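Residue numbers (my numbering), protein chains in the order written: chain E, 1 to 398; chain X, 1 to 383.
Simulated from the structure, these hints should not be mistaken for lab results.
Careful: at least some of the hints might be erroneous.
[As the list claims (entries may be wrong)] Computed list of lysine to aspartate or glutamate pairs in DMTMM-like fashion (alpha-carbon distance at most 25 Å, straight line):
#1 145/X with 19/E
#2 317/X with 155/E
#3 372/X with 163/E
#4 206/X with 155/E
#5 372/X with 50/E
#6 378/X with 50/E
#7 346/X with 19/E
#8 372/X with 324/E
#9 357/X with 79/E
#10 357/X with 324/E
#11 267/E with 163/E
#12 373/E with 309/X
#13 357/X with 54/E
#14 317/X with 64/E
#15 120/X with 82/E
#16 373/E with 242/X
#17 212/E with 187/X
#18 110/E with 54/E
#19 279/X with 79/E
#20 198/X with 210/E
#21 157/E with 67/X
#22 120/X with 64/E
#23 357/X with 50/E
#24 110/E with 150/X
#25 212/E with 150/X
#26 132/E with 102/X
#27 120/X with 85/E
#28 279/X with 82/E
Small disclaimer: the values here were computed from a predicted structure and weren't measured.
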Amino acid sequence: MLEKPLKVPELLVPAGSLEKLKVAVDYGADAIYLAGLKFGLRAAADNFTETELDEGIRYAHEREVKVYLVLNGFLHDKDLSELPDFLKYIEKIGVDAVIVSDLGVIETVKNHSNLEIHLSTQASCLNAQSAKFWKNFGVTRIVVGREVSLSEVKDIKAKVDIEIEMFIHGSMCMAYSGNCTISNYTQGRDSNRGGCAHSCRFQYSLEQNDQKLSSFFMSSKDLNGLSLIEEFSKAGVDSVKVEGRMKSHLYAGTVAKVYSEALNEFKNTGKLEAQRISFWQNELKKFTHREYAEVNLIEKAGADTVYFERENENNYGMLGRVLEVKDEYFVMQVRHAFEVGHSLEILPFKGSPIKLDIQNMSSLTNEPIERTKPSTLVKIPLPRERVVEANYLIRGFK
Amino acid sequence: MRLSYAIENEEQLKLLNPKVDEVIIACKELSRFSHLNLEEASQLIKIAKDSGFNVFFDFDVLSTESDFKFLTNEFLKLPFQFITAIRVQDLGIAEFIKSTTDLDLHLITETGNHNLIGLKAYESYFGKRVTRFVVSSELNYELLKSYSQELNTPLEALGFGRLLIFYTPRKLVSHYDRFEWINEQIEVSASSEESPHKGFPVLENKHGTFMYHIKELFLFDKMDLLIESGLFSVRVDLRHRDGKLLELFVNNIKLGLTGPELKKKIAPKSIRGYFLTNKSDVLFKKLKNYRIQRKDSHYLGEVIDASKDNYLAIELKGSADLKVGDEITIYNPDGKIKDVRIEILKDFSGNSLEEKKMGLVLTKYLSGVWVKAQLYQKSAQNF
Ligand code: SF4
Numbered sequence: 001m002l003e004k005p006l007k008v009p010e011l012l013v014p015a016g017s018l019e020k021l022k023v024a025v026d027y028g029a030d031a032i033y034l035a036g037l038k039f040g041l042r043a044a045a046d047n048f049t050e051t052e053l054d055e056g057i058r059y060a061h062e063r064e065v066k067v068y069l070v071l072n073g074f075l076h077d078k079d080l081s082e083l084p085d086f087l088k089y090i091e092k093i094g095v096d097a098v099i100v101s102d103l104g105v106i107e108t109v110k111n112h113s114n115l116e117i118h119l120s121t122q123a124s125c126l127n128a129q130s131a132k133f134w135k136n137f138g139v140t141r142i143v144v145g146r147e148v149s150l151s152e153v154k155d156i157k158a159k160v161d162i163e164i165e166m167f168i169h170g171s172m173c174m175a176y177s178g179n180c181t182i183s184n185y186t187q188g189r190d191s192n193r194g195g196c197a198h199s200c201r202f203q204y205s206l207e208q209n210d211q212k213l214s215s216f217f218m219s220s221k222d223l224n225g226l227s228l229i230e231e232f233s234k235a236g237v238d239s240v241k242v243e244g245r246m247k248s249h250l251y252a253g254t255v256a257k258v259y260s261e262a263l264n265e266f267k268n269t270g271k272l273e274a275q276r277i278s279f280w281q282n283e284l285k286k287f288t289h290r291e292y293a294e295v296n297l298i299e300k301a302g303a304d305t306v307y308f309e310r311e312n313e314n315n316y317g318m319l320g321r322v323l324e325v326k327d328e329y330f331v332m333q334v335r336h337a338f339e340v341g342h343s344l345e346i347l348p349f350k351g352s353p354i355k356l357d358i359q360n361m362s363s364l365t366n367e368p369i370e371r372t373k374p375s376t377l378v379k380i381p382l383p384r385e386r387v388v389e390a391n392y393l394i395r396g397f398k
Numbered sequence: 001m002r003l004s005y006a007i008e009n010e011e012q013l014k015l016l017n018p019k020v021d022e023v024i025i026a027c028k029e030l031s032r033f034s035h036l037n038l039e040e041a042s043q044l045i046k047i048a049k050d051s052g053f054n055v056f057f058d059f060d061v062l063s064t065e066s067d068f069k070f071l072t073n074e075f076l077k078l079p080f081q082f083i084t085a086i087r088v089q090d091l092g093i094a095e096f097i098k099s100t101t102d103l104d105l106h107l108i109t110e111t112g113n114h115n116l117i118g119l120k121a122y123e124s125y126f127g128k129r130v131t132r133f134v135v136s137s138e139l140n141y142e143l144l145k146s147y148s149q150e151l152n153t154p155l156e157a158l159g160f161g162r163l164l165i166f167y168t169p170r171k172l173v174s175h176y177d178r179f180e181w182i183n184e185q186i187e188v189s190a191s192s193e194e195s196p197h198k199g200f201p202v203l204e205n206k207h208g209t210f211m212y213h214i215k216e217l218f219l220f221d222k223m224d225l226l227i228e229s230g231l232f233s234v235r236v237d238l239r240h241r242d243g244k245l246l247e248l249f250v251n252n253i254k255l256g257l258t259g260p261e262l263k264k265k266i267a268p269k270s271i272r273g274y275f276l277t278n279k280s281d282v283l284f285k286k287l288k289n290y291r292i293q294r295k296d297s298h299y300l301g302e303v304i305d306a307s308k309d310n311y312l313a314i315e316l317k318g319s320a321d322l323k324v325g326d327e328i329t330i331y332n333p334d335g336k337i338k339d340v341r342i343e344i345l346k347d348f349s350g351n352s353l354e355e356k357k358m359g360l361v362l363t364k365y366l367s368g369v370w371v372k373a374q375l376y377q378k379s380a381q382n383f
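Only chain X is shown next, with the shape it has when bound in the complex (with noise of 0.2 Å):
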């Protein structure tokens, strides 16, 4: 497994191995984020290359049509030789680098691919001009495993960096002239009442404006499960800390520190994500009211009005007759469940009616039967 470092300076680089690790340089204009204009960039490019480093690019920002032309010259600009591989999520970008480069690609699909099928498709498509994917932090290791067995592409995940969870193009934060821009960025920290999270790092650029999860992901405590699942690489990007947090932990992993003392040592207050398990789907059960919801085709329809001792009406809704003397179930809102005989059927004039087909009509009035309640032929299955 390798490592590959997002680097911003020569010393940074320094403490990296090429035998072991790569590394992956952005620049302002192109990249999400960075501190270095296209000029630092390139020189520093040319510097990792010399020494011996795989030299990864991140042109991973997403660009509308009348962006793009300015954007690609820029891109242009690069020093292509020096470079092994462009990272990128843009598809458009993407198809421009295949058409216009020899350059490999490595393909950003951290939001939106969460499926074998979709990366095999991508795989196809691109050839082996994607050397690799920079898969999402949501898979699980054991997803992440299987999807190593079964893709011809290396993986790359993030293993210890800031995790983004929000990326508009607009500017959100510079229009309150009180805070302060440092390096053409302006960072601030949110914090919502109506979150159980504080202190979310948003941080607006040319680019517009992304907000990270308030703590820092951190996997390299399960250095195991990292290996174990498969990954060919594992990206460290501490860009925006000090560099003595990345010597700490480059130095550590040198040792062959791992498990709870690495974590307590270099990044106490991280989270694991969805490393070990991904439940994210769990509780949409629990967003609806089920009882209310239409099933099958013994549906009949829904009592529209509950007027006491007097009458229910019902609308009917479904393919199937309401006739007088058909047994019934109705499912309330609240869960009970009643079997009931029709007994009368009347239109919304009183007329006496034997049978009824869609539409409007009244009934008897039962007790504990709610507006909103489901009817089903009695036939119908329990649910």
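Chain E on its own, in the form it takes in the complex (with noise of 0.2 Å):
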């Protein structure tokens, strides 16, 4: 244990509905992004209708967890002409920081609210320069954009007195943010408001003259940084983005859960031992993923970088959340089937998972099940040597 603890960045994950920003804040979240159902980048999430985006944030600020709101689509002028009635709700409701990528929202923020702003990834901004013409728009934060390097960050914070957020995790759109537009000229879907067809995952035949080959050669691997916390410390980063509103609750639960320990154990002790690292990362291939890789966290990315294979469901996921602990049982809201005799892990807000081999179970009404079916209710006996709450996830093989 360190005498002063170090300062680390805030964890920021991604909530595309409201239960996943439970989750997420549940599992150790420091902030919190996520969009209403307008002017963000996710056509196809949840998002937040205003009655949750209310309950989202009194539920993330009783717990001084900070929430950012989304409106980082390039708006086009009939898009920005609905948006200062918003802005006026988000501020009413205590949203602490809009994140935007361009410069007519930003000017629109200014004028019709007092939030803080804070610079999308969308916008690339890549260099020190840049990021002084965007502090010269009164924008507080940066999230510099997914090609700029540990270092490259420390070199901009020692030039710009501004704050830097930076991805840390999760899936990598493949162009420079903001400079692909494949899905509005070939699906008519404006990837830009939220319509991305990701045909960078496509497999595409390449063709050159009479040479031919077939590849997913512009498909990226997924960003994992949690063997840099210490650079990321290091260099100055403000605070390190989890990618994904899109994805499951139980990805939104485990970055959390295992972004927060690693970063409270360095924060704490000024290290990570190899093998926790090696137990979290562990962790991190518990859910749907594509491989790993640092991408440009380190050096620019290369050819190994890329992905050349179709993204495959992972066979171990979410099995279904605690909803209610009693003496003797749990309720078990069921997402994918599991039977008697199978062997699940309960995955606690903190310490490590619970192992839970299945003996017998019930539904509400006492009737013995074999198999669970999704999408129901069972009683599941508590297991002994731990203690289970309610909104704890339950994963294990699908």
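Bring the two chains, given one by one in their own frames, into a single complex with the hints.
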């Protein structure tokens, strides 16, 4: 234990829905980013209605977690006309900052609110001069482009007095953010207003004269910067960001838990043991993901950061969550089926996973059940040695 | 309306008229696309200037902090005295040019600038140093027209050439060593079964990998609308083609040819992109099931289990109480709506309740109500 804890970056986790916000907060996020129904970049995510926003912000603030709202679509004039009323609303309910990628939105935010402004990675801010430009417009934090390395962040911080947020985990846009309009021209969906169809994940046949090959040539591996937490800290990064508003509850819970544990351990001890890193890395494999890489964090991303396969569902994943705990049993909301004899893991908010061997279970009306069905509730006897709380996630082989 | 031509040699220059045409010159070190090195570009810049042209230079790559010094040092080697303006997308580079040179800026706002407020903010920040906005091909002619009227800065848009749809600094092609480099770049054609479009030109050079639309953008058949849009300049960039097409285009434009005839002759397989209309946000409505989306303050909660003939399990999430005797409306994920009266409420241990606020509760099973159905107090307006 260090006498004086080190300064470590804030952990910023995505929430694609109110439920996911609660998961991310419960599992240790310092801040959450989310979107309202409009103006963001994930048109297919559930996103938050105004009442959900209100509830989500209350839930987070009661637990001292900040909430940033993304307004990071490249908005057209007609979208902007609807923005001022929404800004007034989100300011009133206490959003801590907005994440914005275009100058028109920045000007609108400044003209209609006193909200703090963070620049989205979508604006591809890659150098100190560019950071200065945005600072002149009142931006207080820059989410640097994913192409920027940790040593470059250190240089930018030395030249410009501004907060820096940097991606540490998740899927990667292969293009310079904001510089891909494949979906616009092939699917009629504006990728910069939330309509990306992930055309970079497709398998392509590449041809030049009589040479031909087939490959996922423009598909990126996922970012994983867990082993570089010390470097993030030393570079002066103010906030580490996890990608994935469209990802699962288990993803939100696991990344929040792993990264908050790792950041706290580094904060209090000044080091991360290899054994601990390996444990956490293993945890980060327990949901669907692509092969991991450090991509641009240390050096410019090379061919080894391309993911030459089709993404497959991980067969290890979320089976459900604890809904209610009684003296002898808990009620589980089942997402994926499992049966008596299976071994499950309960993911507590803090501490190591709890092993749960299913010996028997029953319906709410106490009928014995051999195999569960998705979207049902079951009663499961409590494991003896560990405390189980409502909203713990449960995972296992699907 | 002027025409700005991206050119790479004197022959192309000779086709043009300095009274009405302008030229754009680029180099491999500083530009996304060029066959010229810095020295060759510098010579061509001088020749173009001596021939009476306004010369614009493309410093249009994006730069991370570690490349910044190298790129800006290279840039400082250019013969500024012959250059009218620098075309730039990276705002850091724009800041650098503003603070270290007297050169005018043509700000490339093709990505991420689709509103007037933003363009006006650039205008007031850069002041007289910005003498042109290179605007996005996603803006239709009506918007261009209103922007031309509202802004003091002249506008330029692509009128004929490749549409860049993807730009990454990662080298995505060269590691397959079977493809041939020509003049420091590799070009392949990419097709996917998963996309209805086949044959995307993909180009890799020292700055990364670029993907273009399978068809060129061609707007000159709509010359009347181009003029009406108020664009100060329309760009023609055929550097990826052999010189004959440029010659054919210039000659036909000189002859005053336009409309479908010009298109047929010059660019029969081209597209107009979003020039006439942009509806790239209309499909968003189809991406979500709005029926399972929580709507208003009358919200009660969601069905989380429907056990046939036994119970409906409900997770109460809204701020309102649910009481025995309440009239509620259930919105099913399939769109069906049911009005019902709550007859019983129980907790998960089977104890009867009179009312419940937030949390979990059981009520009587209702056929045709599914998991994820949303519950509202009956006074809620329909949606
Ligand atoms: S298709 Fe790929 S590169 Fe393009 S915006 Fe989507 S994720 Fe990014």
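Here is how each hint holds up against the structure:
1. 145/X with 19/E: violated, 45 Å
2. 317/X with 155/E: The given pair, whose Cα atoms are some 47 Å apart, is violated under the 25 Å limit.
3. 372/X with 163/E: Given pair residue 372/X, residue 163/E is violated - Cα atoms ~41 Å apart, limit 25 Å.
4. 206/X with 155/E: It holds: about 23 Å lies between the C-alpha atoms, which stays within 25 Å.
5. 372/X with 50/E: Roughly 19 Å separates the two Cα atoms, so the pair holds.
6. 378/X with 50/E: holds, 20 Å
7. 346/X with 19/E: OK: residue 346/X and residue 19/E at ~24 Å, within 25 Å.
8. 372/X with 324/E: holds, 19 Å
9. 357/X with 79/E: Roughly 37 Å between the alpha carbons, so the hint for residue 357/X and residue 79/E is violated.
10. 357/X with 324/E: Holds. Residue 357/X to residue 324/E sits at ~15 Å (cutoff 25 Å).
11. 267/E with 163/E: Answer holds: residue 267/E to residue 163/E is near 19 Å, not above 25 Å.
12. 373/E with 309/X: Given pair residue 373/E, residue 309/X holds - Cα atoms ~17 Å apart, limit 25 Å.
13. 357/X with 54/E: holds, 18 Å
14. 317/X with 64/E: holds, 21 Å
15. 120/X with 82/E: holds, 19 Å
16. 373/E with 242/X: violated, 64 Å
17. 212/E with 187/X: holds, 12 Å
18. 110/E with 54/E: Distance ~22 Å between residue 110/E and residue 54/E Cα, so the pair holds.
19. 279/X with 79/E: Holds: residue 279/X and residue 79/E sit about 13 Å apart, inside 25 Å.
20. 198/X with 210/E: holds, 17 Å
21. 157/E with 67/X: holds, 16 Å
22. 120/X with 64/E: violated, 39 Å
23. 357/X with 50/E: Satisfied, since the Cα-Cα distance of roughly 20 Å is no more than 25 Å.
24. 110/E with 150/X: Judged against 25 Å, a Cα distance of about 21 Å means the pair holds.
25. 212/E with 150/X: At roughly 50 Å apart (the allowed maximum being 25 Å), residue 150/X and residue 212/E break the hint.
26. 132/E with 102/X: Roughly 20 Å separates the two Cα atoms, so the pair holds.
27. 120/X with 85/E: With a Cα-Cα distance of about 22 Å, the restraint between residue 120/X and residue 85/E holds, given a limit of 25 Å.
28. 279/X with 82/E: Holds, because 18 Å separates the two Cα atoms, which is no more than 25 Å.
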